[in-house]
Every structure is written in C-alpha cells, then in structure tokens.
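Residue numbers (this note's numbering), protein chains in the order written: chain B, 114 to 416; chain R, 114 to 416.
Certain hints may be false.
One copy or two, either will do: identical chains are not told apart, so a pair holds if it fits within one copy or between any two.
As the list claims (entries may be wrong) - With a straight-line Cα cutoff of 27 Å, these simulated DSS-like cross-link-like pairs (lysine-lysine) come out:
no.	residue 1	residue 2
1	Lys337	Lys309
2	Lys309	Lys266
3	Lys309	Lys247
4	Lys364	Lys416
5	Lys197	Lys247
6	Lys266	Lys337
7	Lys133	Lys369
8	Lys382	Lys309
9	Lys127	Lys169
10	Lys181	Lys169
11	Lys369	Lys316
12	Lys273	Lys316
13	Lys194	Lys416
14	Lys135	Lys204
15	Lys296	Lys273
Note that these hints are calculated values from the structure, not bench results.
Here are the chains, one letter per residue:
Number of protein chains: 2
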Amino acid sequence: MTAQIIDGTAIALKVRNEVKEKVAARIAAGKSQPALATVLVGERIDSATYVSMKQKACAELGMTSYHKPLPADISQEDLEKLIKELNADPKVNGILVQLPLPSHLDEERVLQLISIEKDVDGFSPINLGRLAQKGREPLFVPCTPYGCIYLLKEAGVTIKGANAVVLGRSNIVGMPAALLLVKEDATVTVVHSRTKDIPAVMKNADIIIAAIGRAQMVRGDWIKPGAAVIDVGINGIPVLDDKGNPVISEKTGKPKQKLVGDVNYDEAKEVAGFITPVPGGVGPMTIAMLMANTLRAAEIQDK
Amino acid sequence: MTAQIIDGTAIALKVRNEVKEKVAARIAAGKSQPALATVLVGERIDSATYVSMKQKACAELGMTSYHKPLPADISQEDLEKLIKELNADPKVNGILVQLPLPSHLDEERVLQLISIEKDVDGFSPINLGRLAQKGREPLFVPCTPYGCIYLLKEAGVTIKGANAVVLGRSNIVGMPAALLLVKEDATVTVVHSRTKDIPAVMKNADIIIAAIGRAQMVRGDWIKPGAAVIDVGINGIPVLDDKGNPVISEKTGKPKQKLVGDVNYDEAKEVAGFITPVPGGVGPMTIAMLMANTLRAAEIQDK
C-alpha cells in the first residue's frame, strides 16, 4: 500500500486563490482593502524571513501590509503603545506580532493586548480560551493547526469519531491542534516527551499530527495501516553520501543540509493511507491560513 | 484485589482546615478577612442550594460572603454593572457567578468581565486560555478539576507519564481536567459521546476521570487493574427492591432515589487500585477548592 500524498502546495494555492478572488470582489463592491500589520522586534534572520513572506503573500492576494520593524531593545511600554495604536487604527484589520519576542518582553501581555477582532494569529488568550470551550467559537484559529485540519478535510479524511494523536503540546501547534480536533468530535490523545510508550499510543491512531520537532522520529511501524499522517516538523539534517559521510557543499564549504519532517516519510508512506510531505505539506498552509484570517478580520470589521 | 477508597470527605475537610488556619493567621497579622461575592440570578432550587452551601463554607472558615440575589429577568446591562462594581470593590476578593444563567443572558461576556484576580471559579477565558498554554499559569483553576487532581496527589497516584483518560469534555470539568493533566505531564486522551470504542480506549488508562453524566456507565471490565478512578458523576437512579421494582418513599409517595456516579462502583472497586465513592468523593472537594481559591484571591490582592 502506498499512501495518498496530501499536496499542501496545491491546497495552499487553492486557499490563496479563493482569498484573492474574495478580496478583488470586496474591493469591486466598494469595501476596504484588507490590511495586515506585521510587527517584527529585532533582527532574527528567520523571523525577518517569515515576515517578508507574509508581506509578499499580502501583495500577491491584493491585500495591504504595514510593516512595523522595531529595535531589539524596545521597551515593553513602547511595544504596548504601538499595539494600542494598531488596535485603534481603522486601516489595520489584522495584527501579527512575529514570535518569539526578545526575552525582556512579556509575550503574553503583548498578545493579550491585541484586539480579538484583529488577532489573526489566534494566540490571544481569549481566542485560545474559546477554542478550549464547548459552545464557544474563537474569532480566529491559529494558522498552522487550522492548516492541518484543512488538509485533512481536503483529503476527505473523516475526523468525527476518529482516534487522533497529537505528538507535541506546543502553544503554537500541538495544543491548539488538539483542541480543534476535540471540537471536530475526534477522540484526541496528546502525546509528548513525558509519554512512556509513544509507539503503543500511536498504533491506534486514525489521524496523527506530528509536531514535536524531532527529525524522522515517527517510524513506519508506529503507524496504523491506512492512517492519515500530518507532519508539521521541519528539521534540517545533514545530507550523507553512499558511505554515510556528510556531503560538503562546494559553495559554502559547510555540510549540506536537507529538510525532513518529524515522520520517517519513506517508511510511513508505505503504511499510511494519507501523508503530507516535507517540504510541501503543512508549511505552505500556515501563510495561506493567515491570509484567510486577515480577509476574515476585514469582513468582521465591516459590520 | 480491592481498591483503596479515596475519601473525598476527609481530604476536603483537611483542605478546609488548612484554609481556616491560614485565614485566622492572616487576620491575626492584621490583614483583611477574605470575602466572596456570590451572584445568583433567578430562583433555581439547585443553584440556590449550591450558593447557600458556599456561603456556609465561607462562614465556617472565617471568611465573609456577600450575597447578591438578582431577579431572573435582570438585563445583561444591569448584571454587567454589578460585576463591574464587584471588580472595583476592594472588600470583595472573589466573585462567583452561579451557573447556569438564564438563557437571555450572555454567559461568556459575564465571565469575561470578572477581573482575573477575582475569578475564583477559574472560568474567565483568560484563566482558561492560560491553562491551555505551556509556560503560562492561570491565577485560578476551576474548582472541580482542581479537586480531582488534588485527590490523585493525596492518594499518592503518579500523574507524570501516566496514561490518563478523561471521559467527557464539558467546559466545567472535562476539558479543564484534561488541560490540567497535560500540564502535569500525563498522556491525556479526551473521550466523549462521539468516541467509537470507549472501553478499548479506557483499557490502557492508568488514571480515569469520569465526568460524562451517565449513571454507572463505566464497567469493571473497562478498567485496567490497579488504575486510579476519579468519579465526578452525580446521578439519581431509582432504588429497587429484591424483585427489581422501584421502592416508593412513604414520606413523599414518589419512587426513592439514590445517588450514583458515572462508574459502576461495585464492579470497579474490585479492579481499580484507587477509587472515589459517590457521594463522598469529588463532591466535597469542589467547595473546598473554592474556599482555597478565595483565600488565594485575598493573598494575590494583598500585594
């Protein structure tokens, strides 16, 4: 058996095209152009790269972005002042504070300050608290877990009544993914570094969301035949030659790296019913869902 | 094998005595007497009974309570006005809004309005959101799940690394209990009415928290030998005579009722390692933990 590959690149493009069409339609109808404010504190290269990808996506989809680069040593007070200004600014629909923040800043206070109507990352405690509650709906769901569920649905995987295992309990992926799956009527198990026998727990899973950040940790024989495997991990590992030695890049003089997920893809695809590749699986969905959330923010604020 | 009975009545009394001593000590040290405001909308008999039990507990432990009975048809605006007054009142340390509220009121808005420093029920979305997040601590944990974890710890049950199954996903018990268990490093599975094969999932559980509201649903052969079983259910069922007919009360002329949990106690106690009885298990813990939370609120507000 070979798994059906869930093509995240294609599904993300579909989401982006839908957003693009709706943005064009709302502008044609005389409504405002959706706008995302991106707040970047300091000069981390990875954070700067993510922010520029988000700005680029806005431009491609006909939305505006306002970039707010801030010095790494900005005070809590000044950062909070900016968030309050963005909350009050009617031109701004969504506010994205790129995480992690430098350690002298109180991340929770900053996230809590973002108006829940502009919280397109879904990390405000009110949106998260609603995600954990029956009968309450968050205005926004965190982008990566939202993307995971979207991929499952697009692939036609039945979530209701399924046994789902979430590997990892991070604030950004694992826990919100587990809460979303409970809302979707799955029987959800949260597995983490303290779990005693991870393979035994996973063996009953109809759905696996792997988000623990360990390269190729999930082996083929941990997976129930036919299960749907969503691999959130993005880990760099050295490229090896035939003899098992690291390949050195001629260009950089450093060992060559390749990206792999938290799942051993080659083994897993022989057992699973559905699987996301890395790269090209969950990765492209995060920005696509952020774009969908930004459009949604504009629609909420129309009212 | 016969399970060790976890005596909730005795453990709740211990918690209450500790609170009582600390209250006496803080008053002797010239600090304020902790005070709980109880807000009761309408005249539901069950709600009125719970509120009066909470007021009585305050009095027994040397704390004050301010009772705020409100008409069933109070407007959202007037109820919110009262909450704001209680938030601002320095004499009030804890605010308890007895649930459920009449259906014309927006429960979430009311709970969200309670200052998180006075949210002794732990139901404000910010406290719940923090419960769902790594590295963040709620100021208050909802009383019943807090009581369940307290009972496990008092009985000496190891939570870290254990397989825990929470049966039920209510906002008041199931979901916060699951989030607490994840924080305590258990591997947690949330099971509910949509779960396909509940006995199979439970069979691996080292810890069971049953909070689904179905009389004696959990059978002895669902339980792993030696597991710890915390039974949150309180269900009334008819008392039957030897022939299986309902016994009629001479006093009321109605069928006699008895209280049972969500677990078939007689079967379970032969298999489990630890078990809470109903009544006398989790029940008394809820008010004890509310009293502990009210004292904690006063301590937080000292600062």
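Checking Lys382 and Lys309: alpha-carbon separation at most 27 Å within a copy, between copies, both or neither?
both (25 Å within a copy, 26 Å between copies)
Checking Lys309 and Lys247: alpha-carbon separation at most 27 Å within a copy, between copies, both or neither?
So Lys309 and Lys247 pass the 27 Å test across copies only (20 Å; inside, 30 Å).
Is it within, between, both, or neither for Lys296 and Lys273, if the alpha carbons may be no more than 27 Å apart?
both (9 Å within a copy, 26 Å between copies)
Status of Lys416 relative to Lys364 across identical chains (alpha carbons, at most 27 Å):
neither (54 Å within a copy, 60 Å between copies)
Cα distance capped at 27 Å. Does Lys135 pair with Lys204 within a copy, between copies, both, or neither?
This pair counts as within: shortest intra-copy Cα distance 18 Å, inter-copy 53 Å.
Given a CA cutoff of 27 Å, do Lys127 and Lys169 count as a within-copy pair, a between-copy pair, both, or neither?
within (17 Å within a copy, 61 Å between copies)
Up to 27 Å CA-CA - Lys266 versus Lys309, copy category:
This pair counts as between: shortest inter-copy Cα distance 19 Å, intra-copy 31 Å.
Evaluate Lys197 and Lys247 at a C-alpha cut-off of 27 Å and name the case that applies: within, between, both or neither.
Cα proximity of Lys197 and Lys247: across copies only (26 Å, versus 30 Å in one copy).
Within, between, both or neither, where Lys194 and Lys416 count as close if Cα-Cα is 27 Å or less
both (26 Å within a copy, 26 Å between copies)
Is the C-alpha distance from Lys273 to Lys316 at most 27 Å within one copy, between copies, in both cases, or in neither?
both (19 Å within a copy, 21 Å between copies)
Intra/inter-copy verdict for Lys133 and Lys369 if alpha-carbon distance must be at most 27 Å:
Classified as neither; 37 Å inside a copy, 65 Å across copies.
Should Lys181 paired with Lys169 be assigned to within, between, both, or neither, using CA atoms and 27 Å as the limit?
within (15 Å within a copy, 55 Å between copies)
This entry does not satisfy hints 4, 7, 11, going by the numbered hints stated previously.
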